[in-house]
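**Q** Here the protein sequences come in this chain order: V and G. Here the first sequence stands for residues 1 to 109, numbered as in the working numbering. Here the second sequence stands for residues 110 to 223, numbered as in the working numbering.
Keep in mind that the hints were calculated from the coordinates and are not lab data. A hint or two may mislead.
[Said to hold, decoys possible] Straight-line alpha carbon distances no greater than 30 Å define the calculated DSS-like cross-link-like pairs of lysine-lysine that follow:
(1) V/Lys36 / V/Lys67
(2) G/Lys187 / V/Lys68
(3) G/Lys187 / V/Lys36
(4) V/Lys96 / V/Lys67
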Amino acid sequence: GEDVEQSLFLSVREGDSSVINCTYTDSSSTYLYWYKQEPGAGLQLLTYIFSNMDMKQDQRLTVLLNKKDKHLSLRIADTQTGDSAIYFCAERDDYKLSFGAGTTVTVRA
Amino acid sequence: DAGVIQSPRHEVTEMGQEVTLRCKPISGHDYLFWYRQTMMRGLELLIYFNNNVPIDDSGMPEDRFSAKMPNASFSTLKIQPSEPRDSAVYFCASSMGQPNQPQHFGDGTRLSIL
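Let the hints inform the model, and build the full structure from the sequences given.
**A** Structure, rendered in structure tokens:
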């Protein structure tokens, strides 16, 4: 079965970059996703990357994929207080998503 | 555009009662997913539908749980009888069928079974 792992906590100073890391096990995953969850809300899709890509940039977000090591990262540039949330990495197999446990990002002034 | 709509947002009930959670997917989406989120187990896929037909219900915990999708714009997840360990946040998500189309989530139903 699939197993997605993430570090649980990240504390970052406002204005610095945040890097959230994720490892996955299913080499047949076609797409990998990053979702953001704010308190009391559902999961908001941030970005995704197709498995044949190495990098994807979308405004302040940069996703890096190392398929050989099955390692995915999300970099948030110029982190703001509104970026405080839980970030979930997910891998897709067919139509099913397997999620990591989520990384709680706390932005301090 | 309206997103995935779930109701109720919060439900508190006593154990043994029947609980019905509702979901309206995004119009035009032909896949619908039910997830459960707990601190201990994280996000778990319970069941998903394609064109109103259940495709994979291997994540449904036990027979007390059932899900239906009578039409393209409505789905229910029922728990009967409910137990305290069913307390969790239940999310519905929908997507279009193409492989590059992501799942869009509702705001969830926070269920507490006393």
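**Q** Does V/Lys36 pair with V/Lys67 here, judged by a C-alpha cut-off of 30 Å?
**A** holds, 23 Å
**Q** Are the Cα positions of V/Lys96 and V/Lys67 separated by 30 Å at most?
**A** Between V/Lys96 and V/Lys67 the Cα gap is close to 19 Å, so the pair holds against 30 Å.
**Q** Keeping to a limit of 30 Å between CA atoms, is the pair of G/Lys187 and V/Lys36 held or broken?
**A** holds, 27 Å
**Q** Are the Cα positions of G/Lys187 and V/Lys68 separated by 30 Å at most?
**A** violated, 42 Å
The structure does not agree with numbered hint 2 stated previously, though it agrees with all others.
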